[in-house]
Structure formats: C-alpha cells, structure tokens
Amino acid sequence: MGNAYNTLVVYPEKCNGCGECEKACAKAKADSTDIVHSRIKVLKNLEDEYFGPVVCMQCGEPSCVKSCPAGALTKNPETGVVEWDEDKCVSCTICTLGCPYGGIYYNPLMSNVMKCDHCGGDPECVKVCEPKAIEYKTEANVYKDQGEREDLFAPGLAACLGCNMEILIRHTLRHVGPNTVLAAPPGCVPGIAVVGINGFTGTKVPSFHPLLTNTASMLAGVRRYYKHIGRDVQVLALAGDGGAADVGFQSLSGAAERGEEVLFVCIDNEGYMNTGMQRSGTTPYGSWTSTTPVGSSLPGKSGDQKYMPLIMLMHNCEYVATAVMAYMEDYHEKLEKAIQASKKGFAYLHVFSPCTTGWRYPQEKTMEVQRQAVATNTFPLWEYEREAEKFAFTHPVDNPTSMEDYIGMLGKFRHLSKEQIDHHRNTVATRINLLKAIAEEGIKPLKAAV
Amino acid sequence: MPKRIVVDGNEAAAYGALLAKPDMCAVFPITPQSSVGEKVATFIANGDLKADLLDVEGEHSVLSMLQGGALAGARTFTATCGQGLAFMFEPYFRSPNLRLPIVMCIVCRDGITPQCVWGGQQDAMTVKEVGWIQMHCENNQEITDSIVMAYRIGEHSDVMLPVNVCFDGNFLSYAAEPVEIVDEEIADKFMGENNVNWHAALDPERPMAIDPLTGMTAPGGEAFARYREGQCKGMQNSLRVIPEIHKEWKELTGHDFAPLIEEYRLDDAEHAIMTIGSMTGAGKDAVDVARDKGKKVGLIKVKTFRPWPLKAMVSALSKIKALSVVDRSVNFGWNCGPLYQEVLATLPFLDKKIPLVSLIGGLAGTDLTIDHMAEAIKTAEDAAQGKVAEETIWLNKMY
Chain L
44 MGNAYNTLVV YPEKCNGCGE CEKACAKAKA DSTDIVHSRI KVLKNLEDEY FGPVVCMQCG
104 EPSCVKSCPA GALTKNPETG VVEWDEDKCV SCTICTLGCP YGGIYYNPLM SNVMKCDHCG
164 GDPECVKVCE PKAIEYKTEA NVYKDQGERE DLFAPGLAAC LGCNMEILIR HTLRHVGPNT
224 VLAAPPGCVP GIAVVGINGF TGTKVPSFHP LLTNTASMLA GVRRYYKHIG RDVQVLALAG
284 DGGAADVGFQ SLSGAAERGE EVLFVCIDNE GYMNTGMQRS GTTPYGSWTS TTPVGSSLPG
344 KSGDQKYMPL IMLMHNCEYV ATAVMAYMED YHEKLEKAIQ ASKKGFAYLH VFSPCTTGWR
404 YPQEKTMEVQ RQAVATNTFP LWEYEREAEK FAFTHPVDNP TSMEDYIGML GKFRHLSKEQ
464 IDHHRNTVAT RINLLKAIAE EGIKPLKAAV
Chain X
324 MPKRIVVDGN EAAAYGALLA KPDMCAVFPI TPQSSVGEKV ATFIANGDLK ADLLDVEGEH
384 SVLSMLQGGA LAGARTFTAT CGQGLAFMFE PYFRSPNLRL PIVMCIVCRD GITPQCVWGG
444 QQDAMTVKEV GWIQMHCENN QEITDSIVMA YRIGEHSDVM LPVNVCFDGN FLSYAAEPVE
504 IVDEEIADKF MGENNVNWHA ALDPERPMAI DPLTGMTAPG GEAFARYREG QCKGMQNSLR
564 VIPEIHKEWK ELTGHDFAPL IEEYRLDDAE HAIMTIGSMT GAGKDAVDVA RDKGKKVGLI
624 KVKTFRPWPL KAMVSALSKI KALSVVDRSV NFGWNCGPLY QEVLATLPFL DKKIPLVSLI
684 GGLAGTDLTI DHMAEAIKTA EDAAQGKVAE ETIWLNKMY
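The listed protein sequences correspond, in order, to chains L and X. In this text, residue positions in the first sequence follow my numbering: the first is 44, and each later residue adds one. In this text, residue positions in the second sequence follow my numbering: the first is 324, and each later residue adds one.
None of these hints come from the bench; they were simulated from the model. Mixed in with the good hints, there may be bad ones.
The calculated DSBU-like cross-link candidates involving lysine-lysine, where the alpha carbons are at most 30 Å apart (straight line), are [what the hints assert, rightly or not]:
| no. | chain 1 | residue 1 | chain 2 | residue 2 |
| --- | --- | --- | --- | --- |
| 1 | X | Lys675 | L | Lys270 |
| 2 | X | Lys675 | L | Lys387 |
| 3 | L | Lys408 | L | Lys387 |
| 4 | X | Lys570 | X | Lys634 |
| 5 | X | Lys642 | L | Lys270 |
| 6 | X | Lys616 | X | Lys570 |
| 7 | X | Lys573 | L | Lys387 |
| 8 | X | Lys373 | L | Lys270 |
| 9 | X | Lys373 | X | Lys570 |
| 10 | L | Lys386 | X | Lys373 |
| 11 | L | Lys386 | X | Lys619 |
Chain L regions said to be covered by chain X (calculated; three or more residues, Cβ under 8 Å) [said to hold, decoys possible]:
| no. | region |
| --- | --- |
| 12 | 58–67 |
| 13 | 221–230 |
| 14 | 241–251 |
To give an idea of the interface, some chain L residues facing chain X are shown, with a C-beta separation under 8 Å as derived from the structure [what the hints assert, rightly or not]:
| no. | residue |
| --- | --- |
| 15 | Val133 |
| 16 | Ile137 |
| 17 | Thr139 |
| 18 | Leu140 |
| 19 | Asn257 |
| 20 | Ser260 |
| 21 | Met261 |
| 22 | Gly264 |
| 23 | Arg267 |
| 24 | Tyr268 |
| 25 | His271 |
| 26 | Tyr328 |
| 27 | Gly388 |
| 28 | Met410 |
Computed from a prediction, not measured in an experiment: that's the story for all the values here. Glycine is no exception: its CB is placed at the ideal position from the N, C-alpha and C atoms.
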C-alpha cells in the first residue's frame, strides 16, 4: 500500500500534433530517425474521437501481462514499469490485442513488440514536448500519502449508495489517525452506525454520540482533561449541519470563542437528511425539503442559507476552510492544516456534501454536483490561517459556469422559477464578492475591525 | 488543625470543592448560585485549587464539558439552579444514564413564571425522577461536608451515579455561618484515588464506543432494559453507601450528619412534621417550643431525597400517629407538595394508616418562620386527633 509511481500523463487538449515526442523516442530507443521505432504514437485525423499522444500507461493490473503466454511481460514492483523481456518473447502479438489502450505495438521493422520503459526514469519525450502535453509525474498523491494509513472504519457502514459522507469520514479518520476521540452527533454519521448498534461497532477509535446540541463542548471537555494530565489526544467532530449551524451552534460558537483545541468538521448536506430531508439553517433558498414543501401556496424554502464558514472565521479560529471531496488532494491538504491548528486552538472545516437521496440526483453524480457547485461559485473553496493571517481561494473560479448547470442537476431545485434562480445567482454573486473583497484586502484590516 | 471560618452557603460549597480537589470546574452565572462559581474561579486563579476552569457560554455546555471530561477520567464540579437547570436538562438527563459521578450543587431557586430569582425547591423537585442522587442540606457546614462526601458516594463502584448537593437559595446561599474546614491531609485521605471512568471511557488506549444506538431487535432492547435495571440498582445501593460514607467522614472529622433522614425528638413523639433543607432549623426550634409546652411532637428531616430512603422512612413513620409535611415547592399534578406525595407513596409499607397533611410555603424566597412551623405542628396534632386538613395548606399566602 501507499506506493504510487510516476507515469507519463498525457493532456490531449494541449497536443498540437507536432510529432517531436515520436522522433525523440525513436532516437532514444533505436537511434533512428524513423518514427516506426517510437513507443509513443500521436494519433491524428480521427475527427472527434481522439487527437493526441498514446503511450503505455504502466497499468496497475496490466492486461498485456495477463495475456502474454510466454511470461515476457512483467510489472516491476519497484518502478511500476511493465517490462518486456526480449529473450522470452515469441512475437505472438497477443499482448497488442490484450491492451485496451493501444500502449504496446508491433514493430514490423524489428519483427517484435515494443513498449515504453520510461527511459529508466527520465523520459525523452517529455523533454521535447513544447506544449507540455506529456508530463512525467505521480497523479495518485492521495493514494501515496494516505494509502499506508489504516481505514479506521470497518467495512459495512450502512450509508446510501453514492453517499459523499461515507467517503469523507473514511478519508478523514484515516488521515487523523488512531490517537483520536471521535464525536458523531445525531444525523447521518451515527445513522450509518459509526458509533455502532446494539453493542457492536466497526469504528476502531473511541467514539460516542454527543447530543445534537453539545458536540463541541463535550469534545472540548475530553481534550481539556487529557491536556490537564499531559496527554496529547486528538479530538474530532464529524457533525452535520444541524449539529453545527442550528441547535449545535451555541456550543460550537462557545468552544470556538474559547479557542478549545477541537477539530470540528461540518458535513453540510444542507438539511436533516437522516430524519427524512427536513430543512436546516444551511438549506439554500427555494429548496424543496419535507418541511419546506412545494405546492400552490408555498414555493420551497423562503429564506437564504446561513453561511457558516464566514461566521466561524469571525470567531478567530486557528483555521477555517471550505472543502469538497471532489477535490480530494485539496481536502487532505486542508485537513492536515486543520489537525495541526487544532493542537493550538479551534479548527473548523466546512465540507459541502451533496446527498443523492435528499437532493434527488443520480448517485453517480455525487462528485459532479460538487464540481459544479465550485464551478458556479455556489460553494467557493477557500482557507483562513489565523497565525499566517492568510485568507486565500484554493480553487479560484474567475469565469463561473452558468447557474443553471448546477441547479439543473438537482431535483430539489426542479421547481424553481426564473425569479428564484435569479435570487440564487444574486446570493452567490454577493457572497463571492464579499469573499473576494476579504481576499484582496487581506485579513489584517478585518481583524482590526473586530 | 481544622480552620474555622465564617462563610455564606455559596462559599461553603466552594470550600467543599476546594477540599475535594476536582480536576475540572465549570462555571456559569445564575442567581442565587453565581458566587459558587466566582469563589471556585478565585481559588483556581490564586492557585489554591489545581483544577481546569471551564468558563463556558451556558449551562448546557457546563454539563456537556464535564461529561466529556468525566469520560476522559476527570473528577468534576459545578453548580446551577432554576432556569439554568432547565436549560441544562438535556445533558442533565443523560449524566446518570452514562453513570458519570459528576458532583453538582443545586442552589435551589423557584421556577419562573412569575419571574423570580429567589429561593424555592421547585428546580430540584422537578428533576427528581431523572436519576441523580439528591442530598438536601440544612446548614453551611452540611454543604461543605456533603460535597466532599458526594464524590465518594457517586464514585463508589456499586453506585456510579452523579450527585446533586442541594441547598436553599437565599436562606443558605447568602447566609453567613461558621464552618469548620477540615485539614487538607484529612480530606485527601478521605478522597483517595478517583474512580470515574473505569466502566465507560473515551480513551484511545482502550477504545470503545460510548452510547451506540441501543434498542429494538435483540440484543438491543434487552440491553437497554439491563442498563435501566442496573441504574436503579446503583440508586438502591447508594442507600447503603451513603451511610457508610457519612460514618467514615464522621470518624475522620468528628462531623456528624444523618445520612438519609434525621429523626429529631421522635422516639416518644405522637405526631411530627417533616422538613427538607434550611427550613429544618425553624422546624426544630418550633418543636422545642412545643415540647416546652408539653406537646409530644418530633421532626423528620429529609437529607437524601433521591433515592427515596424507604426503609428509614418506614421506621420513622412507624413511631407516630400523624404527620404534617412542609414543602418548599409544588406538585401541580396532585395539588400538594412533592415531598408529601413521596410520603403518601410510603404509607402502604406501614403496619398502620396514619393521616398526612400537606403544607406548602417558603416559595419565591419567602421565609418559613418558627410560627409557620408551629402551624404545621398544630395541623399534625389536629390530624392525630382525627381532624385532618382536607386540602393543601398554603403558608405565606396573600390574603
């Protein structure tokens, strides 16, 4: 686990078809100017189907290796490269049929197959690609960084299919680690049996149900005592928006104001999804919920959502950030900062977490909904570091996509009138303008104003 | 040498905490409790008490932080009353179910509305079925000593329950009396090692899930019933433990308080009054006055109200022919005082039937005087002679 390799990553949209990579490869591998010897091929003239470089992807489970009857292809566990052994190869070419990507070729001039070997870790093709359509790098950073850490939830949590929260809590606890006391107030987190049911639990750290109202204060009490006796124990809240923004807000606000050393993750699915999709303080304007139904007299939720991240920023927390699981590396970077910050004061992560069941969208769209929320500036990604006095966007969106692209994905917004969509657009514009003003002015005058 | 000081009841409570040396003290103001928290905070600020001061944003968080601390292993202390207790109810309800031996004073205050910031036991009586042990104090010495003893009672392995040390707002909270503070070494010896979270802990070194969903299908519903049964057993066990701890405290300090109920001049009494809290002093004086006039009257003081000390009560009631019960709060469902109703439920356990009278007085900070207690004695005497008041008698009424 945890061993991610460098590979050749191709960006077909950047490729101009110049063919320099093929020439460089032929030169390096066969000392030839004939690109028939190149192990990378630029595909052209396929109309809309594909345009760009094709090269071996050094698959984790390579089909070429499986299909080779001579044992001539092997995956090198050290480098990740799929290696070809000329002495064993019988030139049957079955591997070229086995590869689904066209990454291994038959070279008619040499009468055998050939494939990319990364030039021993210094690929020539990358050096000559002017538009940078080929890069040699590791893509699987999350896997590399988190893979060796244990998933501290046993398999079998009872979340809905497509649930974003399950991904979030598994990644979070894996990163935070075993020296942790976990609080899961009423909601979807314990609803999927995180604390357990009837004496059984699959959570490998001490966990408990606080009340919906007292997550931050109970956790602060745990942390305080361990600090009192000189033990460093991480405390972590995995709370919903009700436990953070509604009835949980007083204890959250008090704990943040006192600078309690707590890592508080608000998993915002914009309503009480575990109890049947009722509205909360973070439910957006116009939303259908089971307590803001849509009918001839009512048009969905009448007020705007409470924007918790800025409210928490004004508590002078050590760290505040917004995040989505669709940008996983960004989430882990923020989580690491939050963990460190929570050793000195209050750290608050607000994670936008779509609910396939309550928001009414197909389960496979869970990540796409998040990307669209970011792309439309509905949920801007930013972070605030108190000590560094830094407020910054982590995924700035200068040219937001159409609000309809986001709203159109969600059943809870299906009934929205043009006026209601305009209201959304205005709310989003006001919010992003405010955030941009903070980012431009910097946090120092903001603190002075406090 | 023990130190003799003059302090009001709230300071006496803070001295109790000082002797017990809790690891965490949570403070939030509410009249007439506020100066308990102020005094404790001062002890901590001056380094007299090496506890963590939790200066939180409301009573709900007061008890929530103490629960978190206790689950990590801390000895904990706080105080509240009235609306503060009402606001705290959600975690309050849960403390005994988690079997956490938290010690909390209730500086008894009457309930709004009418808006009122003065003494009355409506707060403590309203939460009597929640599962905390309740001990009611007569004077400031009893407050200090009961707080120290409360830790040993709550933390006893056969008990494992939170304890309320209750005392009357205004009449004890602000009344100065001499109190003897025992030596630190004696208190330390008495307190011993803490015994807070051996049964339920939030500790990465011994991970467990606290309070998973429990109910419905087997073994959930059965487990739930077992927890409840165990909690009731713990309450009943405390009726054995409370006298043991009082005895141990008496042997170390010479301070002698009746652990469950106190019988005052009861052995040869024909009738009696029952009191709870600070009114007991006036009650005893009224009994003495009546005795001087040749009346065969006694008094039963309730120290431990929860759990209800049934056996001790049956033994005391067996000695008399009639009883008047003076309550400082109201049972709205029965048109009587809550203490009266408890005695009513005790009557079937007696060999004989004795008439009871309910009197309610001292609400909202009004005084219960020797004259009021004399009235209570008179109603008991009348009852013993067959003239039983049919309805609750309201003292300090506006006529």
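Results for each hint:
1. At most 30 Å may separate the alpha-carbon atoms for a hinted pair to count; Lys675 of chain X and Lys270 of chain L exceed this at roughly 59 Å.
2. For the hint linking Lys675 of chain X to Lys387 of chain L, the alpha-carbon distance of about 67 Å lies beyond 30 Å, and the restraint is violated.
3. Straight-line distance between C-alpha atoms of Lys408 of chain L and Lys387 of chain L comes to about 38 Å, which puts the hinted pair past the 30 Å bound.
4. Under the criterion of a C-alpha separation no larger than 30 Å, the hint pairing Lys570 of chain X with Lys634 of chain X is consistent with the structure, at around 18 Å.
5. A hinted pair counts as satisfied when its Cα atoms are at most 30 Å apart, and Lys642 of chain X with Lys270 of chain L does not qualify at roughly 55 Å.
6. For the proposed pair Lys616 of chain X and Lys570 of chain X, the alpha carbon gap of about 35 Å is over 30 Å, so the pair is violated.
7. Among the hinted pairs, Lys573 of chain X with Lys387 of chain L is inconsistent with the structure: their alpha-carbon atoms are about 46 Å apart, more than 30 Å.
8. Of the supplied pair hints, the one linking Lys373 of chain X and Lys270 of chain L holds, its CA atoms being roughly 13 Å apart against a limit of 30 Å.
9. Under the criterion of a C-alpha separation no larger than 30 Å, the hint pairing Lys373 of chain X with Lys570 of chain X is consistent with the structure, at around 28 Å.
10. Taking the CA atoms of Lys386 of chain L and Lys373 of chain X, the gap is near 22 Å; set against the 30 Å cutoff, the hint holds.
11. At roughly 68 Å between alpha-carbon atoms, Lys386 of chain L and Lys619 of chain X are farther apart than 30 Å, so this suggested pair is violated.
12. Here's how the region 58–67 of chain L fares: 0 of its residues keep a CB closer than 8 Å to some CB of chain X, so the rule of at least three is not met and the hint is violated.
13. For a cut-off of 8 Å, the count of residues in the region 221–230 of chain L with a CB near a CB of chain X stands at 4, and the three-residue condition holds.
14. A count of 10 residues in the region 241–251 of chain L with a Cβ less than 8 Å from any Cβ of chain X is obtained; the coverage claim is therefore met, three being the minimum.
15. Evaluation of the Val133 of chain L hint against chain X yields a violated restraint, the C-beta minimum of about 56 Å exceeding 8 Å.
16. Interface hint at Ile137 of chain L: violated, since its Cβ lies 52 Å from the closest Cβ of chain X, which is beyond the 8 Å cut-off.
17. A hinted interface residue such as Thr139 of chain L counts as satisfied when its beta carbon comes closer than 8 Å to some beta carbon of chain X; here the least separation is about 53 Å, so the hint is violated.
18. Interface hint at Leu140 of chain L: violated, since its Cβ lies 52 Å from the closest Cβ of chain X, which is beyond the 8 Å cut-off.
19. Here the hint on Asn257 of chain L is kept, as its CB sits about 4 Å from the closest CB of chain X, short of 8 Å.
20. Because the beta carbon of Ser260 of chain L sits about 4 Å from the nearest beta carbon in chain X, less than 8 Å, this interface hint is met.
21. For Met261 of chain L, the shortest C-beta to C-beta distance to chain X is roughly 4 Å, which falls under 8 Å, so the interface hint holds.
22. Contact between Gly264 of chain L and chain X, as hinted, is supported at the beta carbon level, the nearest pair being about 3 Å apart and thus within 8 Å.
23. Interface restraint check: Arg267 of chain L against chain X, minimum CB-CB distance 5 Å, threshold 8 Å, status holds.
24. With a least beta-carbon distance of about 4 Å to chain X, the hint placing Tyr268 of chain L at the interface is held under the 8 Å criterion.
25. A cut of 8 Å between beta carbons decides the hint on His271 of chain L: the least distance to chain X is about 5 Å, and the hint holds.
26. Interface hint status for Tyr328 of chain L: violated, as the beta-carbon distance to the closest one in chain X is roughly 30 Å, over 8 Å.
27. About 16 Å separates the beta-carbon of Gly388 of chain L from the nearest beta-carbon of chain X, more than 8 Å, and the hint is not met.
28. Among the interface hints, the one on Met410 of chain L is violated; its C-beta lies about 30 Å from the nearest C-beta in chain X, farther than the 8 Å criterion.
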